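S.K.: Residues 0 to 315 in numbering that gives the first Met the number 0 are what the sequence shown spells out, letter by letter.
Quick caveat, the hints were computed from the structure, so don't treat them as lab data. Note that the structure is predicted; figures quoted are calculated from it, not measured. Just so you know, not all the hints are guaranteed correct.
To be verified - Have a look at the derived ranges for each label pair, beta carbon to beta carbon:
no.	residue 1	residue 2	range
1	N49	E294	39 to 45 Å
2	G200	N270	52 to 58 Å
3	P43	N178	25 to 31 Å
4	E139	D201	22 to 28 Å
5	N202	H57	35 to 41 Å
6	M207	K39	17 to 23 Å
7	R11	N49	44 to 50 Å
8	R293	H57	16 to 22 Å
9	G32	D290	17 to 23 Å
10	G32	P148	33 to 39 Å
11	D116	G32	22 to 28 Å
12	G282	F48	48 to 54 Å
13	E139	K112	46 to 52 Å
14	K170	S36	45 to 51 Å
Positions of the beta carbon are idealized from the N, C-alpha and C atoms, including for glycine.
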Amino acid sequence: MTRLKKLSTRQRIYGKIYRDSDKESKLNNLCNGVNKSKGKHLLPVIEAFNPDVIISCHAFITTMLGDLKTKGKIQAKVIALITDFAPHYTYIADGVDHYVVSTDKMLKDFKYKYKIDENKVHKFGIPVFQRFTHNIDKNELLRKLSLKPDVKTILFMAGSFGVKEVLGVYKDIAEKNSNCQFVVITGNNERLYNSFKTVVGDNTQLLMFVNNVEDYMHCADLIITKPGGLTVSESIACALPMAIYSAFPGQEADNAAYLENIGVAVSLGKNPGEYIKVLINYGERLKAMSDKCREIYAGNASELICGLAHSITERS
């Protein structure tokens, strides 16, 4: 396993808080108390919409909804959708009717660690838009995006990185992999985009926010990204191998460990350029990672979650 870079003091503190709050504790009770006090701000929206089912995609919102439900202030069923590959105690709340998870280990954790009725926990996975699963003509799409079909393509999802951090990673990888072409997407991070403009070479497309990120994922041979639950789920749907840099302690680190363990991602260390060079040149490793993505991707999470929502509502 390639080790991630040394953690900063801020990251170590966050990691400790994350671990310490993943159990019944004063810290967890404090977090829950703060979240519950904010739940009243959700009521106007819920009352206006009058839903039969509410699907929560964030631990704090789940806590708020559970509290409102137990106090009788809302009647809707509550489904907690966990958009990472490991659970956390802050997702656990009285009043939640069902939980949606992604892995067998999460099923076991909910049953044995968090003592949740196994009938309330469903391994459906993390839903992504269908456009990430479409079969495409890769060469045609490469030409459409002004990319060369006969050159390996490396995609950087850079918007969530620190500016200095990701510039250094890009420069090291680009310098040592000059036979590749790069696409760098900075999202709405204008400062990062302007910083990249000073360092990118002719073999790099530099983009801000795009509405067709799935096209670039379908075209790429490798994506370099932080291990956020949605981005990595989209990558898996596209059968796109991942190289992970700078996983933040907590859910990102848990995601990275899971993805590397099942063989769809690698974690980069102090010499990312050399590591990527070996990975790109060793095509069998990339192919194996891509095949593993196809093997584990269920593809029907949205339908299963929708079916669950229909099955538990009292008003069809």
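S.K.: Now tell me if each hint is right for this structure.
M.R.: Hints and how they fare:
1. N49 x E294: 39 to 45 Å: The hint (39 to 45 Å, Cβ to Cβ) holds, given that N49 and E294 are roughly 42 Å apart.
2. G200 x N270: 52 to 58 Å: Once the Cβ atoms are compared, 20 Å apart, the range 52 to 58 Å for N270 and G200 is violated.
3. P43 x N178: 25 to 31 Å: violated (57 Å)
4. E139 x D201: 22 to 28 Å: Because 23 Å falls inside the window, the suggested range holds.
5. N202 x H57: 35 to 41 Å: Given about 39 Å between the Cβ atoms, the range holds.
6. M207 x K39: 17 to 23 Å: violated (37 Å)
7. R11 x N49: 44 to 50 Å: holds (45 Å)
8. R293 x H57: 16 to 22 Å: With Cβ atoms ~29 Å apart, the hint is violated.
9. G32 x D290: 17 to 23 Å: This hint is violated: roughly 47 Å between Cβ atoms.
10. G32 x P148: 33 to 39 Å: Because 57 Å falls outside the window, the suggested range is violated.
11. D116 x G32: 22 to 28 Å: holds (25 Å)
12. G282 x F48: 48 to 54 Å: The hinted range 48 to 54 Å holds for G282 and F48, with Cβ atoms some 50 Å apart.
13. E139 x K112: 46 to 52 Å: holds (48 Å)
14. K170 x S36: 45 to 51 Å: holds (46 Å)
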